[in-house]
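Chemist: Construct all of the structure, not just a fragment, from the sequences and the given hints.
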Amino acid sequence: RKEVEQDPGPFNVPEGATVAFNCTYSNSASQSFFWYRQDCRKEPKLLMSVYSSGNEDGRFTAQLNRASQYISLLIRDSKLSDSATYLCVVNPGQGAQKLVFGQGTRLTINP
Amino acid sequence: NAGVMQNPRHLVRRRGQEARLRCSPMKGHSHVYWYRQLPEEGLKFMVYLQKENIIDESGMPKERFSAEFPKEGPSILRIQQVVRGDSAAYFCASNPSGSYNEQFFGPGTRLTVL
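Just so you know, the sequences run in chain order A and B.
Numbered according to my numbering, the first sequence terminates at residue 112, and the numbering increases by one at each position without gaps.
Numbered according to my numbering, the second sequence terminates at residue 125, and the numbering increases by one at each position without gaps.
Everything labelled a hint here was simulated from the structure, so no lab data went into it.
For clarity, every value in this text was computed on a predicted model and none was experimentally measured.
Note that beta-carbon positions come from the ideal geometry of N, C-alpha and C, so glycine has one too.
Check before you lean on any hint, since a few could be wrong.
Which residues of chain B face chain A? A partial, calculated answer using Cβ under 10 angstroms [what the hints assert, rightly or not]:
id, residue
1, Gln17
2, His42
3, Tyr46
4, Glu52
5, Gly53
6, Phe56
7, Ile66
8, Ala104
9, Pro107
10, Asn112
11, Gln114
12, Pro118
Modeler: So this is what it looks like as structure tokens:
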């Protein structure tokens, strides 16, 4: 079983739609959680950290369910510029400082 | 404040040659991480370094790969006797404290082995 699992997609949605991504992680000791965005052939960039209480940043909402080991990202009113690969990222804790990446979910917003 | 810098951005090597990839962390960051992204795959952790110390090399292949972060100068990822399977994007990341916080990524070096 992969440490971080995501549906690779691709997701093709019309501009203005709401789209949701899910992710599961296998290590219950994981300490911190992030969504990164990666544009084609570029470096990953932090979209948002994810907290147990849930957090929102403009059109983006992230949720963490520690009991189910499940992370979600919701994008409302999607824009063409949201087209990218979304990476679910976990720090496994237990003294490890590395980040563990999911395979990524590819999103294309269509005009 | 300049971000993480990596050079070269593109590197072409023939099988058997050596590849040296350089990474300068963001100003004020003393923790450096190297990741590899094979075509159509996610990023995989390779090594975590602080100045003059390798902290975690659990993701490094056992042979041909080495990394350093000297007291002065950039971090270096060195691949000896490259093979075609080493072709990938190599990303460096840094953060100031090495805690469970976010990491900031450089633009990557794309290595192509002919």
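Chemist: Each hint: holds or not?
Modeler: Verification of the hints:
Hint status for Gln17 (chain B): holds, given a least beta-carbon distance of 9 angstroms to chain A, under 10 angstroms. The restraint placing His42 (chain B) at the interface with chain A holds, with a minimum CB-CB distance near 7 angstroms, inside the 10 angstroms limit. Hint status for Tyr46 (chain B) relative to chain A: holds, with the closest Cβ pair at about 8 angstroms, below 10 angstroms. The interface hint given for Glu52 (chain B) holds, since its Cβ lies 7 angstroms from the closest Cβ of chain A, which is under the 10 angstroms cut-off.
Among the interface hints, the one on Gly53 (chain B) holds; its C-beta lies about 4 angstroms from the nearest C-beta in chain A, closer than the 10 angstroms criterion. Hint on Phe56 (chain B) holds. Least Cβ distance to chain A is approximately 4 angstroms, under the 10 angstroms limit. Given hint, Ile66 (chain B) at the interface with chain A, holds; its Cβ is 7 angstroms from that chain's nearest Cβ, closer than 10 angstroms. About 8 angstroms separates the beta-carbon of Ala104 (chain B) from the nearest beta-carbon of chain A, less than 10 angstroms, and the hint is met.
Interface restraint check: Pro107 (chain B) against chain A, minimum CB-CB distance 12 angstroms, threshold 10 angstroms, status violated. Annotation: interface hint on Asn112 (chain B) holds; nearest CB of chain A at approximately 7 angstroms, less than 10 angstroms. Against a cut-off of 10 angstroms between C-beta atoms, the interface hint on Gln114 (chain B) holds, since the closest Cβ of chain A lies about 6 angstroms away. The closest approach between the C-beta of Pro118 (chain B) and any C-beta of chain A is roughly 5 angstroms, which is under the 10 angstroms cut-off, so the hint is satisfied.
The earlier numbered hint that this structure contradicts is number 9, and it is the only one.
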